[in-house]
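Enquirer: Single-letter residue listing:
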Amino acid sequence: MNSGVFPSIWRFFGLVAVQVLLLKQIGLSIDSAYFNVLLYPLFILLLPLQLSPNFMVLLGFAVGMAVDIFYASPGVHASAGAFSGFARSYIVGAFAPKGGYTSKEPVFTPAYVTWQTFIQGSAVFFFFHLFWFFSVDAFTFVFFNSIILKTMVSWGLTMVFVLLYAAMFNPKN
Amino acid sequence: MGRLFQLLLRNGGFVTLVFVELFCFVLMVQYNSTQSVIWANTTEIFGGKVLERRQTVSDYFGLREQVDSLNQIVDSLQSRLSNARLVQVSVQDTFYQVNYDSLTLNDSIRRKTIRPLYEFVSAKVVGNSITSVNNWLIINRGSNDHVAPHMAVISPNGVVGVVRHVSENFSIAMSVLHRQTRITASLPKQNTFGSLMWEGGNPHVMTLKDISKHFQEQIHPGDPVLTSGYSTMFPKGISVGTIITKPEPDPENPHFLVVKVQLSQDMSNVDAVSIVRNLFSGELDSLKSQIKQ
Chain A
1 MNSGVFPSIW RFFGLVAVQV LLLKQIGLSI DSAYFNVLLY PLFILLLPLQ LSPNFMVLLG
61 FAVGMAVDIF YASPGVHASA GAFSGFARSY IVGAFAPKGG YTSKEPVFTP AYVTWQTFIQ
121 GSAVFFFFHL FWFFSVDAFT FVFFNSIILK TMVSWGLTMV FVLLYAAMFN PKN
Chain B
1001 MGRLFQLLLR NGGFVTLVFV ELFCFVLMVQ YNSTQSVIWA NTTEIFGGKV LERRQTVSDY
1061 FGLREQVDSL NQIVDSLQSR LSNARLVQVS VQDTFYQVNY DSLTLNDSIR RKTIRPLYEF
1121 VSAKVVGNSI TSVNNWLIIN RGSNDHVAPH MAVISPNGVV GVVRHVSENF SIAMSVLHRQ
1181 TRITASLPKQ NTFGSLMWEG GNPHVMTLKD ISKHFQEQIH PGDPVLTSGY STMFPKGISV
1241 GTIITKPEPD PENPHFLVVK VQLSQDMSNV DAVSIVRNLF SGELDSLKSQ IKQ
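So the protein sequences, as listed, match chains A and B.
Under the numbering used here, the residues of the first sequence are numbered 1 to 173, in order.
Under the numbering used here, the residues of the second sequence are numbered 1001 to 1293, in order.
Please keep in mind that the hints were generated in silico from the structure rather than gathered at the bench.
Even for Gly, the Cβ is constructed at its ideal location relative to N, Cα and C.
Take the hints with a grain of salt, since some may be wrong.
Per label pair, the in silico range of CB-to-CB distance [unchecked claim]:
1. Phe1023/B with Leu163/A: 32 to 42 angstroms
2. Ser1036/B with Ala96/A: 35 to 45 angstroms
3. Thr102/A with Val1018/B: 23 to 33 angstroms
4. Val153/A with Val1015/B: 31 to 41 angstroms
5. Val153/A with Thr1034/B: 17 to 27 angstroms
6. Phe144/A with Ser1036/B: 18 to 28 angstroms
7. Phe169/A with Val1015/B: 33 to 43 angstroms
8. Leu1063/B with Val124/A: 50 to 60 angstroms
9. Val1057/B with Pro97/A: 57 to 67 angstroms
10. Gly1062/B with Ala72/A: 43 to 53 angstroms
Facing chain B, a subset of chain A residues (Cβ under 7 angstroms, in silico) [to be verified]:
11. Pro53
12. Asn54
13. Val57
14. Phe61
15. Ser73
16. Pro74
17. Gly75
18. Val76
19. Ala78
20. Ser79
21. Ala82
22. Phe86
23. Phe139
24. Thr140
Let the hints inform the model, and build the full structure from the sequences given.
Expert: Rendered as structure tokens:
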């Protein structure tokens, strides 16, 4: 379990950096309300599976807050991050192998679960994260259709980057 | 403190999530313009606008009661006004203050000249005609409401008609626009009176006949015409209209003058009316019947 700490720390900074230096700039240059790629929740998804839900919530809040600082939107990403941290154990648990996760599967990556399971699990995870994010971003369900549309568009774009990340780094811990 | 941590740990992060989300919520509404505006509007809506709308709705549902109470006020003022014109304080040798509201029908002899004479029943016109030679109004008050034939019908603007037929809940009133209409109308400026009738045609104009000839120079267009109070039906001083023509000798009877009167109540637009009940009409009628015998 200790072996998962340092990769997570690197992922934290790496993904926040990619988010605010690369993806945010792409979003600004395209300048569309519907172009949003949120890769940083991958940090939450790839946290060690044995981690306590309390830490999950707090770490989700932390990575969201870190992104919020650069997006000048205090609380919005943090709220979605904390929610995703809470929701991850349930989503990942739904895709658990028979008998649940053991020390043989330290993280939820294609290296330990199959690609199919990873794609399914991450798809559900990112959908919930994005839906929560766009809901608190709009802050009202008056624009529910707009929220759903943004979520769907952003979901498709984000999943491309998630799979690219998983294929490139194929994280083992 | 340790127990609190145990509680947090045991609840699988949910309590932590609630606290973190609350904190995020505060951050959002404090430091984000969109969220703070929405939050402010929401609190305003729930704090003020909902109350305001509820007030508007309850006001709307209260309108009927308000109209009813206003009608009652109009009736009571109308009756006080009409009755007040009859007040004569017969006791002159002492300082005698009349408290009108204390007056009753069975007053003592000392006060018998200051009794109320009229009662008013508010009503709605539910049927009306103005195009016939003889026009009628249907009114939503009947014998259940103590309406009886020969009661006057007036509106806040002036005279409307006279009740002729009564059912339990409705009554039919002869409009002033009727060939049989004869209302004794007074010219308060000249302190004289005439007989008001309708000759058909224009529903806004009636004819005032039987004015003494020596008032020819004193009557001018624009002078008011009021009810005289000489009949048992119409109280004194109810508006009839204004004179619109110069007085001319009546071709049928050259000793009297005739003028045209523009009605103050537009008979094509009559809605809220009051039916006037003369509390002594029976007594007065039986007295009048003595003359005919």
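Enquirer: Taking the hints in turn, state whether each one holds.
Expert: To see whether the hints hold, each was checked on the structure:
As the Cβ distance of Phe1023/B to Leu163/A is approximately 33 angstroms, the hint placing it in 32 to 42 angstroms holds. Remark: the range hint 35 to 45 angstroms for Ser1036/B to Ala96/A is upheld by a beta-carbon distance near 41 angstroms. Between Thr102/A and Val1018/B, the C-beta spacing of about 31 angstroms keeps the proposed range 23 to 33 angstroms intact. A hinted range of 31 to 41 angstroms holds for the C-beta pair Val153/A and Val1015/B, which are about 34 angstroms apart.
Separated by about 20 angstroms at the C-beta atoms, Val153/A and Thr1034/B satisfy the suggested range of 17 to 27 angstroms. Against the hinted window of 18 to 28 angstroms, the Cβ-Cβ separation of Phe144/A and Ser1036/B comes to about 21 angstroms, which satisfies the hint. Remark: the range hint 33 to 43 angstroms for Phe169/A to Val1015/B is upheld by a beta-carbon distance near 34 angstroms. In this structure, Leu1063/B and Val124/A meet the distance hint of 50 to 60 angstroms, their C-beta atoms being roughly 56 angstroms apart.
Distance hint check: the CB atoms of Val1057/B and Pro97/A are about 59 angstroms apart, consistent with the given range 57 to 67 angstroms. Hint check: Gly1062/B to Ala72/A, Cβ distance near 50 angstroms, so the stated range 43 to 53 angstroms holds. Taking 7 angstroms as the C-beta contact cut-off toward chain B, the hint placing Pro53/A at the interface holds, the least distance being around 3 angstroms. For Asn54/A, the interface hint holds, the least distance from its beta-carbon to any beta-carbon of chain B being 5 angstroms, beneath 7 angstroms.
Because the closest C-beta pair between Val57/A and chain B is about 4 angstroms apart, less than 7 angstroms, the hint holds. Hint status for Phe61/A relative to chain B: holds, with the closest Cβ pair at about 5 angstroms, below 7 angstroms. Nearest Cβ of chain B to the Cβ of Ser73/A: about 6 angstroms, under the 7 angstroms cut. The hint holds. A least Cβ separation of about 4 angstroms between Pro74/A and chain B falls short of the 7 angstroms threshold, and the interface hint therefore holds.
A distance limit of 7 angstroms between C-beta atoms decides the matter here; for Gly75/A the minimum to chain B is near 3 angstroms, and the interface restraint holds. Because the beta carbon of Val76/A sits about 6 angstroms from the nearest beta carbon in chain B, less than 7 angstroms, this interface hint is met. The closest approach between the C-beta of Ala78/A and any C-beta of chain B is roughly 5 angstroms, which is under the 7 angstroms cut-off, so the hint is satisfied. Hint status for Ser79/A: holds, given a least beta-carbon distance of 4 angstroms to chain B, under 7 angstroms.
Satisfaction of the interface hint for Ala82/A is found here, the shortest Cβ-Cβ separation to chain B being roughly 4 angstroms, below the 7 angstroms cut-off. Taking 7 angstroms as the C-beta cut-off, the interface hint given for Phe86/A holds, the closest approach to chain B being about 4 angstroms. For Phe139/A, the interface hint holds, the least distance from its beta-carbon to any beta-carbon of chain B being 5 angstroms, beneath 7 angstroms. Against a cut-off of 7 angstroms between C-beta atoms, the interface hint on Thr140/A holds, since the closest Cβ of chain B lies about 5 angstroms away.
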